[in-house]
Amino acid sequence: MQPFFAASKNTRISVCAGYFKGDILFEVDGLTDECGAVPDYVANSFAILTRGAPTRPTPQLLKLMSCQWEQLAQTSLLLSTQTHPYWGETILGGDDGYNPALEFFDEIIPNYLRGWEFVCGLMVPEYPLFSALGASYKLMSGANSERVDFYLPQAELVIEIDGGQHGETHQKLKDRQRDGFLVQHGIKTLRLKTEDMRLKNNHFYDFISQLTAHFEKSKQLAGYKKMLSDGEQQQPSVRYELTAILRLQIAIMLAISCGKLDLLSSSWRVNIKQDFISDPERKWIGRAFEELFGWFSLFSKIRNQVFTPPDLIFDDDELLFDMRLFSRPDDNAGNAAGITIYTSPVQTHSFSIGTQSPAKLIRLRCSGKSYLSAKNPDQRFVGLYSGECLNELNYRIFGHGSFRPGQETLILNALSGQKSLGLMPTGGGKSLCFQIPALLSQGVTIVVVPIKALGRDHCAELENAGFSGRVVNIDSDMPAALRDKIYQERILSGDMRFVFVSPERFQTEGFRRIVLRLRQAHLLRMFVIDEVHCMSEWGHDFRPSYLTLPGTLRKIAGDIPVLGLTATASVNVLKDIQTEFQIPDEFIAYEMHRSRTELNFSIYKGDNSSSEVIKKIEKIAPVNSDEPPPAVHIFSRYASGKNGVELLSQSLAKKRGDLKIGFFSGSMPKSFNPENAWRILQNKPLTASNDYEQYKQVVQSCWKKGLLDIIITTKAFGMGVNKSNVRHTLHVGMPGSMEAFYQEAGRAGRDRRPSHCHMLFRAETDEAEQIWLKLQANLTPEAVENEISSRGQASRGDFRSQLWFLRQGLISLADEQDLVTRLHGIIRDSEKDSLTIHIKSVCGDLHNGLRFQLTLFRLYQMGLIEPWTVIDWGRGQGEELSVQAVEVRRLKTSFSQACGTVKARIQSIDGRAAESVVIDKLNVLAKETENWPGLYSLLLDWVRRTQLGSRLQSTWNLYNACLKYTPEQAVAFRDTLESFFKVDNNAFQLASLRDMTLAESAEALCALITSKDSEELLDASILRKLSAQLARLLEGTQESPGLNLAAACLQLLNETASDTETRMRFQQAVPEGVLRFWEEDGHTLLVKVAGSNAYAREAIAHWLLEAKPTRHQLLSIHKDLPAAAIKSALFREVADELAQII
1 MQPFFAASKN
11 TRISVCAGYF
21 KGDILFEVDG
31 LTDECGAVPD
41 YVANSFAILT
51 RGAPTRPTPQ
61 LLKLMSCQWE
71 QLAQTSLLLS
81 TQTHPYWGET
91 ILGGDDGYNP
101 ALEFFDEIIP
111 NYLRGWEFVC
121 GLMVPEYPLF
131 SALGASYKLM
141 SGANSERVDF
151 YLPQAELVIE
161 IDGGQHGETH
171 QKLKDRQRDG
181 FLVQHGIKTL
191 RLKTEDMRLK
201 NNHFYDFISQ
211 LTAHFEKSKQ
221 LAGYKKMLSD
231 GEQQQPSVRY
241 ELTAILRLQI
251 AIMLAISCGK
261 LDLLSSSWRV
271 NIKQDFISDP
281 ERKWIGRAFE
291 ELFGWFSLFS
301 KIRNQVFTPP
311 DLIFDDDELL
321 FDMRLFSRPD
331 DNAGNAAGIT
341 IYTSPVQTHS
351 FSIGTQSPAK
361 LIRLRCSGKS
371 YLSAKNPDQR
381 FVGLYSGECL
391 NELNYRIFGH
401 GSFRPGQETL
411 ILNALSGQKS
421 LGLMPTGGGK
431 SLCFQIPALL
441 SQGVTIVVVP
451 IKALGRDHCA
461 ELENAGFSGR
471 VVNIDSDMPA
481 ALRDKIYQER
491 ILSGDMRFVF
501 VSPERFQTEG
511 FRRIVLRLRQ
521 AHLLRMFVID
531 EVHCMSEWGH
541 DFRPSYLTLP
551 GTLRKIAGDI
561 PVLGLTATAS
571 VNVLKDIQTE
581 FQIPDEFIAY
591 EMHRSRTELN
601 FSIYKGDNSS
611 SEVIKKIEKI
621 APVNSDEPPP
631 AVHIFSRYAS
641 GKNGVELLSQ
651 SLAKKRGDLK
661 IGFFSGSMPK
671 SFNPENAWRI
681 LQNKPLTASN
691 DYEQYKQVVQ
701 SCWKKGLLDI
711 IITTKAFGMG
721 VNKSNVRHTL
731 HVGMPGSMEA
741 FYQEAGRAGR
751 DRRPSHCHML
761 FRAETDEAEQ
771 IWLKLQANLT
781 PEAVENEISS
791 RGQASRGDFR
801 SQLWFLRQGL
811 ISLADEQDLV
821 TRLHGIIRDS
831 EKDSLTIHIK
841 SVCGDLHNGL
851 RFQLTLFRLY
861 QMGLIEPWTV
871 IDWGRGQGEE
881 LSVQAVEVRR
891 LKTSFSQACG
901 TVKARIQSID
911 GRAAESVVID
921 KLNVLAKETE
931 NWPGLYSLLL
941 DWVRRTQLGS
951 RLQSTWNLYN
961 ACLKYTPEQA
971 VAFRDTLESF
981 FKVDNNAFQL
991 ASLRDMTLAE
1001 SAEALCALIT
1011 SKDSEELLDA
1021 SILRKLSAQL
1031 ARLLEGTQES
1041 PGLNLAAACL
1051 QLLNETASDT
1061 ETRMRFQQAV
1071 PEGVLRFWEE
1081 DGHTLLVKVA
1091 GSNAYAREAI
1101 AHWLLEAKPT
1111 RHQLLSIHKD
1121 LPAAAIKSAL
1131 FREVADELAQ
1141 II
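For the sequence shown, counting from 1, position 555 maps to 555 in UniProt numbering; every step adds exactly one.
Some hints could be false.
Claimed, not checked - Derived BS3-like pairs (lysine-lysine); straight-line CA-CA distance at most 30 Å:
no., residue 1, residue 2
1, K301, K63
2, K21, K616
3, K654, K619
4, K704, K684
5, K642, K660
6, K485, K616
Just so you know, these hints were derived from the structure itself, not from any lab.
Model the full structure from these sequences, guided by the hints.
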């Protein structure tokens, strides 16, 4: 909302900035020209000082002031004066010369409201309140009807002085309607008739009584009254000085932008006045210039520009800066000399949410100028020769003494203005990598987050760092009316620095228009895709809205920089993301080699019931311990049920009433009991609510602030939410993948202190490997369902339990093809290129919005449609499960083009060397005449096998690692886990096998496992790491000969897998037979692997023997592979021959 300006002959600019909440909006008057473009370092400095409303002073400024931030009162800063303002030009009387409103202001209030005279300094006459609140034209028709006679925002009060015309019937009706509208915004209207004021009758004194009573009820007015009666404004205060420093710095930069101060001048002649008490030397003025010039110097170095501080000459006859902290502008303001800085009369406006009565009200701060136009807004930071300047900026804003490994590289990539991608381990400080670049350019940074909790966490972190009021998390819990208000008045104005949204937000036409308008106004800094691995269909948390995001961003803002961040993306996923966003190799930064040695892993095999959870907590936080209980984050797979977050929390609370416990899940537990949930938080000041979303927000806030000992959550809370001092994580049951486990366990120990990651693991009673191998051979929903059904829920181990999650949402290929056929038919048969499609026309009543969008995505994968917009979210208000209708625009794609698009997609995942049956079929299809059903079938079958195979492999990887865990191998377990996520040169060499022929793969693999300095095999520890990295790659594809060959060889080298699995991998890699591979392309590799250990030697020998080699071939094999099995075969050959002779 825009601030109110009293009449002024000069340009007056409003700015919202300060170090304390309260009266933070101020106005700079006396600027004779509009703001022009300024050097980049000035624009950067202005953006830094207005980065929060309020923000925090830098360590340097606090040092200059000889104070500590924690010692300063954080209460609202209230600024007012006893001086009676002059409003004789604004408050106009009638044609007869009588001015009842001015009489009320100048005479009635001072004489009849003793003790409250100061409200005159707070009142705003003729305030356009109705237009500010967005009232209808009907309420504002007529002369000045957008205005009220007097507005006292601190008391949420309007005072109307009614003349005789207000007695007319139509005017009475309009007055009631206007009063009712204000009530909806929490504002009371008191009316005084001019006749009653003239007569001073009973009605007059009743009005005075009502007015006094309303004043006395106002807590905010009481604060001003106390401040004035205590004479606080007459006493020195560091808070006043800090406020004056910032306001003077802003005024100086505005004076530069308006041409009143010249940066090229060797000296500035200025005069500074003030209305507050400070030390006699007025040291605050020098400190203001010293810090401001420090910012100019820092940013000029970053920008490779030159700034020479001018000499300061203080002269009473030169350019005046009049600092009036306690005054608000009145009709004298326009006549003041020089530049005057006032406190704004209206700081906030109320906003009504919903239709309930009484209305739910929130207060939105009025906005002001938050950036200055730079002369070179698009200049890239190509001149950064060292990290010294960035380190200094990091320290000043975030208080970090230095960057963590990898942060600086990511920041420099982001500053280049190119699309870039970064991998850092959990707790590595990814957020700083977009926060720093956002500070160095004007405009909004839009951050895409996968879960609400993560967006809220980002906001809380930034607010704590001094960005209050400049960050917003827009999610489905935000009322639509408030969201639209923020869109129009806060984001488009450039008032926001960071906007956090879900990917679904980009599926709405309204938000796309906001992005387009920001881009057109040069107010869009960059997009950040947090947890970018969700954007790939081959990740474990993909959503249709993520999958179409690259296409959407290319369409609406293709020239805007994009930064993707993740801690867990595999090389497969990285390649997918790199392709979608067209990111050059040089702008991908990897910092995944740092080991998190502070984490200690423990896997407990057996029961995972609530009683076991309690036992573990008893050990972690003993009842009679002298130490405070450590922060414990418990992860459950379920929201409801006996191991659901709510029942686990209640069970734990019954046993340990001394612990403060909260729980959190994406959807509300079926048995949610608000009374119990709020009670076990053990926080009396909190007001209980039946609203589960409100409860979740309180839990997240309490957890961050250290007001909870234990939090029990589903994965909806785990991704990216930052709390530095979590000492223990406890998984009640195995998660679905290494990725999920690493993400969630990685919540612990972010302060680098020793921490513990526990898991209650339940093994299958039968051989889980056989289940896995059976499903690998038959990747269908039906096969998965059969395995789940083979055991009751109570007897399932963690592998089958995860199969249940894997099965959810899967439908048969026939059903899926039917949906794609129906949807494509609707689009193809339409006479329009753009059309609205409702879910029922495609899915009927059988499927939800997620399946509807997945069907749309299959057409998008074939290049048949653009990214769609959602026009009806159903009851979910922004959730994919509830989508009811979309707007689709088709593309003119031929059948052969669609085949080519699908082929490129398959080869990008399986590798170009995977000339599988799928590719062969696709090549044949492309030559046919529009065999769309054939293309649907091929694509859907490949996606199903690839996705299901990927998730099955990832579940098996974690299950197998947990099954083999022993306490003695805890360090090795952590090493394996970290190697799984390590992205380094070896990982890319392994990934490159996907695009190689079998012969090329054999040669490359041989080089990879051999030391460069000798012909010897690499150390066993390095080979184990390679095996872990390869396991991650195999989650993405089962079709690559090179990867399957590497898997078989590394399993032999490390002796880590069963004969069955290793044989399966080798057969998939070498379908034409092992003997031929031995004699041709694979000889050197197999000899090297066989020479590593007896297990490998005998396994390869048995495979060769199964191919029934001749005696001549056996003799040749034996020369390089003297395995016992080969010798036995030769003896049998000789024996058989001797037997025939005898």
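So, going through the hints one by one against the coordinates:
no., hint, verdict
1, K301 <-> K63, "23 Å, holds"
2, K21 <-> K616, "44 Å, violated"
3, K654 <-> K619, "17 Å, holds"
4, K704 <-> K684, "18 Å, holds"
5, K642 <-> K660, "20 Å, holds"
6, K485 <-> K616, "48 Å, violated"
In the structure shown, a violation is registered for the earlier hints numbered 2 and 6, in ascending order.
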